[in-house]
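Q: This is what each chain is made of:
Protein chains: 2
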Amino acid sequence: MKVAVDAMGGDYAPDEIVLGAIQAAREYINEGVEIVLVGDQVKITQALDRQGNWKELNITVHHASEVIDMHESPGAAVRKKKDASVVVATGLVKQGICDVAICAGSTGAAVAAALFGLGRINGIERPAIATPMPNLTGTTVLLDSGANVDSKPKHLVQNAIMGSIYAEYVLNIPRPRVGLLNIGEEESKGNEQVFSTYPLLKQLNTVNFIGNVEGRDIPKGTVDVVVCDGFVGNIVLKLGEGLASAILQLVKDSIKASGFWTKMASMFVLPALKSLKKKLDYAEYGGAPLLGVNGGFIICHGSSRAKAIKNAIRVAKEFTEQEVVAHIRETIANEGVLNNEE
Amino acid sequence: MKVAVDAMGGDYAPDEIVLGAIQAAREYINEGVEIVLVGDQVKITQALDRQGNWKELNITVHHASEVIDMHESPGAAVRKKKDASVVVATGLVKQGICDVAICAGSTGAAVAAALFGLGRINGIERPAIATPMPNLTGTTVLLDSGANVDSKPKHLVQNAIMGSIYAEYVLNIPRPRVGLLNIGEEESKGNEQVFSTYPLLKQLNTVNFIGNVEGRDIPKGTVDVVVCDGFVGNIVLKLGEGLASAILQLVKDSIKASGFWTKMASMFVLPALKSLKKKLDYAEYGGAPLLGVNGGFIICHGSSRAKAIKNAIRVAKEFTEQEVVAHIRETIANEGVLNNEE
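Chains R and G, in that order, are what the protein sequence lines are.
As numbered in the working numbering, residues 97 to 438 make up the first sequence, in order.
As numbered in the working numbering, residues 97 to 438 make up the second sequence, in order.
If you are wondering where the hints come from, they were derived from the structure by calculation, not from laboratory data.
Be aware that a few hints might be false.
Only pairs whose alpha carbons sit at most 27 Å apart, straight line, appear in this in silico BS3-like list of lysine-lysine [as the list claims (entries may be wrong)]:
| no. | chain 1 | residue 1 | chain 2 | residue 2 |
| --- | --- | --- | --- | --- |
| 1 | G | Lys151 | G | Lys176 |
| 2 | G | Lys177 | G | Lys98 |
| 3 | G | Lys370 | R | Lys352 |
| 4 | G | Lys316 | R | Lys316 |
| 5 | G | Lys139 | R | Lys373 |
| 6 | R | Lys370 | R | Lys348 |
| 7 | G | Lys373 | R | Lys370 |
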């Protein structure tokens with residue numbers, strides 16, 4: 097299996113991207129994972145050399161002369177810069193040279209590159225980013241977490257189908273519970289968008305729709321797949337990340353502020369907190385797939401460091417091995433409700 | 097100052113409501129606070145008697161024969177049940193007998209009762225619930241947190257003005273920083289709703305608009321007033337509450353799971369966690385005002401216990417003393433942008 101990694105995208109590119117690739121190549125050396133680093137050949141080779149001996153690893157470099165930065169208009173930049181690293185990485189998937197692409201640069205540019213480069217699966221109108229979020233007992237997949245805003249009910253229905261497949265095949269959750277994010281449990285609740293989506297979700301054959309869920313259900317872990325518009329999903333995701341790190345900071349501060357014995361105690365408690373921090377750390381989850389495009393495409397946080405990139409390569413590997421794209425294609429073709437809906 | 101408390105609304109009514117009222121009456125005995133408990137006279141009097149000697153306190157009972165429960169359609173119930181406790185409590189404010197009403201029952205019914213009973217301030221089309229959320233350094237006001245969905249840009253503009261006044265006069269934040277909740281900082285980001293709201297907010301004279309803010313900015317405390325649609329706000333609020341309690345649970349569990357010395361240590365650390373939990377506890381904030389109606393109206397969590405009710409009475413007192421309704425009326429009348437907008 098071949099993974100194309102955009103080595104130029106993200107706040108810490110290329111060094112942390114390259115280091116993550118090396119760590120993954122070492123970890124999966126016997127599992128047939130080949131990594132293709134895409135971007136400025138000179139810069140990437142220098143970054144590889146800074147990490148020492150990489151030449152026995154399954155890593156190659158594919159040159160791309162341009163980079164799309166965070167402040168460019170995504171659509172225009174993707175059309176104009178045909179040799180941008182993210183565009184070239186996507187092209188490698190399109191051409192069948194690689195199985196899946198990974199990108200930690202501008203999310204807008206990544207989504208645009210995937211849409212233009214790979215196209216959409218038949219029956220999917222708007223691909224969605226499916227982000228795993230930690231909960232009390234495991235993981236909840238949130239989608240869409242930011243690929244599209246102002247979605248129509250049918251787009252949310254497509255999200256439900258895709259998210260359910262991802263949870264089942266990659267997160268190994270049998271018959272995942274799929275909920276519609278809303279402001280109350282009753283069917284009559286919500287804005288126009290979710291109110292019209294509810295009856296459509298009830299008609300799905302392949303989705304275990306459990307009804308409306310509320311914000312508090314995400315951390316509780318009473319739902320496996322949360323369906324929402326990308327505007328709401330992105331706010332939820334960033335609030336979740338921000339709140340987790342703020343609360344852990346408050347825990348540390350309040351322990352430190354409470355006197356000598358507590359300080360002593362904190363010597364023993366802080367390691368426990370560290371392990372909790374790990375559990376809540378997005379970097380452990382690595383990357384979020386863009387579901388609905390014709391090919392594997394994993395989007396990483398812009399602030400990804402080596403660990404996040406390494407884990408994104410693991411996600412890319414599982415995504416490919418589990419043939420998620422083929423499952424989505426097949427299920428969408430079989431779900432009657434989508435054909436009845438204009 | 098007279099506070100009308102709906103004693104029949106909420107999961108723990110009437111006992112916890114009555115107990116909270118007694119606690120507040122004791123605490124504010126020298127500050128001229130009179131509490132009128134509204135609802136079934138027999139049940140309320142029995143609940144009062146169960147708490148012992150309350151007769152020297154500034155508490156009276158105002159009979160109302162009906163109750164609106166959580167599952168009734170709010171608008172219909174408020175119109176039909178003219179002697180419902182929440183309707184009668186609102187009427188006491190309308191008639192000038194009380195200054196402010198407090199309700200922990202169905203939020204929908206509370207909003208409907210306030211709208212029908214008090215009417216809207218001139219220039220405000222949709223009142224908003226302004227909920228305080230704890231952050232790393234203090235408090236952020238989130239509005240609307242659930243009174244209305246599918247708001248138009250002008251409604252968000254009205255929220256910005258009202259939230260800024262509340263933060264300034266009740267939370268004592270001079271020149272509060274007001275942000276528009278969005279999925280990126282750039283002016284070009286977002287869905288139709290916030291994209292069209294941004295230029296209107298820039299034109300406001302009385303609001304210190306700092307631009308778009310993201311989900312992560314709320315816990316960070318880099319913004320004082322967060323403006324959003326009630327659909328998004330309600331999801332944010334419930335996610336925040338749920339996540340805070342889930343993380344504190346995880347902290348406790350991970351300390352307990354990590355062996356003898358850590359267990360010893362936790363004896364000293366758990367008190368620190370308890371004080372943190374208090375900081376993150378919605379009950380400490382008590383209640384959220386419904387801003388934009390012609391009178392004081394405070395909405396409490398349905399699961400409010402005595403402490404939350406006591407604190408809601410404190411919020412009601414500050415709301416009244418600071419003359420928030422008059423400030424909103426005056427500012428809305430002076431803000432030119434609202435008159436230019438259809």
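Q: So which of those numbered hints doesn't the model satisfy?
A: 1, 5
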